[in-house]
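Novice: Sequence:
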Amino acid sequence: MNDWAGIAWLVVLLAFNAFFVGAEFAVISARRSQIEPLAERGSATAKTALYAMEHATLMLATCQLGITICSLLILNVSEPAIHHLLEGPLGLTGWSEAVIGGVAFAIALIVVSYLHVVFGEMVPKNLAFSLPDRAVLLLATPLVWVSKLFYPIIVALNWIANHAVRLFGVEPKNEAASTFTLDEVATIVAQSRIEGVLDDASGSITAALEFTDKKARDVAVPLGDLVTLPEATTPDEIERAVAKHGFSRYVVVDGAGIPLGYVHLKDVLRAAEGPDAEHKLARPIQPKRIHHMVPVLESTDLEDALALMRRSSRHLAQVRDETGTVTGVLFLEDIIEELVGEVHDATRRGF
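My numbering numbers the first residue of the sequence shown as 241 and each following residue consecutively.
It is possible that some hints are incorrect.
Unchecked claim - What follows is a list of derived Cβ distance ranges for each label pair:
#, residue 1, residue 2, range
1, 400, 252, 23 to 31 Å
2, 465, 405, 50 to 58 Å
3, 541, 400, 37 to 45 Å
4, 534, 366, 50 to 58 Å
5, 403, 551, 38 to 46 Å
6, 371, 532, 51 to 59 Å
7, 565, 400, 55 to 63 Å
8, 335, 252, 26 to 34 Å
Unchecked claim - In silico EDC-like cross-links for lysine to aspartate or glutamate, where the CA-CA straight-line distance does not exceed 20 Å:
#, residue 1, residue 2
9, 287, 373
10, 455, 541
11, 454, 538
12, 528, 471
13, 455, 578
14, 455, 538
15, 455, 544
16, 454, 543
17, 454, 573
18, 528, 479
19, 484, 465
20, 506, 573
21, 528, 476
22, 455, 465
23, 455, 561
24, 454, 544
25, 454, 541
26, 506, 476
27, 506, 471
28, 454, 578
29, 287, 276
30, 454, 577
31, 454, 574
32, 528, 494
33, 455, 573
34, 455, 574
35, 454, 561
36, 455, 577
37, 528, 477
38, 454, 562
39, 455, 562
40, 388, 294
I should point out that these hints are in silico values taken from the structure, not numbers from a laboratory. If you're wondering where the values come from, they're calculated on a predicted model, not measured in any experiment. Just so it is clear, CB atoms sit at the ideal spot from N, CA and C, and this is done for glycine as well.
With the sequences and hints as input, model every part of the structure.
Specialist: Laid out in structure tokens, this is it:
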């Protein structure tokens, strides 16, 4: 092969090696949250990028195969060409052929290694790390085509690699991780606040992160702290409770002080309708006016309790311990306050 043809092949092989390195790091660094919106808008390259991210182990096997072949060819094609080109100038030194051959080989090896490491490995790796979303959109399509072209070989290599991994008691994953743990998000938020790129003056973001760690017991109001009404309470007594305490909802308890349900101010207004409203106000409210509370355990995650209350359309939940004993009541208002701060009951103006 002509020496200059060998140099040309060096450039071509370095470019292919850089492609496989960049594609490898792009597939494992890109975030689905950035690619999925593009795919949903119909972008073919984004859909292919998602396919590559969902079949990460196959893509990595393709990249490793490509990098290995390129590396071997670079050494075998370019080193003899550079070696031969150096022999002429080094021959002017008067050294022996053995010395000239050794020096030429050493220089060729250093030059090829330098070009391979810098331009074939480090530059594409840094570019893919710096711009992973753009890199995966650019490189995923040709990478997928290469993986399909050499599919039998790549599947075999991937199968062997996965079984080798299982020997160490680790289950291999096909999809690149694209989510953050709660601790990672908290660290990102804290660092962003320190750097001044995130303003969380209200504390809403911090509260949302802390919210996911809380249990029902952390927000529930103990039975001893509740403002309650007896089971046989009358609309008139509810009106007086509203005037005294200012709440719009009151827990109704039985003779043993166990919460049975709750009544809302609007139930009193309904009871006072009709020509015999005065007599209705003095009679105990009807059982159908008492709203039942959804039961939750003290250990229930607060977000799960919130979801249950929303599905049941209930503003209050009955909190129980592991033995089934009622220990408190969970108010929807208190849950919301954990996220957005103080929430004032509209009926408590002036209190």
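Novice: Are there hints from earlier that the structure breaks, and if so, what are their numbers?
Specialist: none
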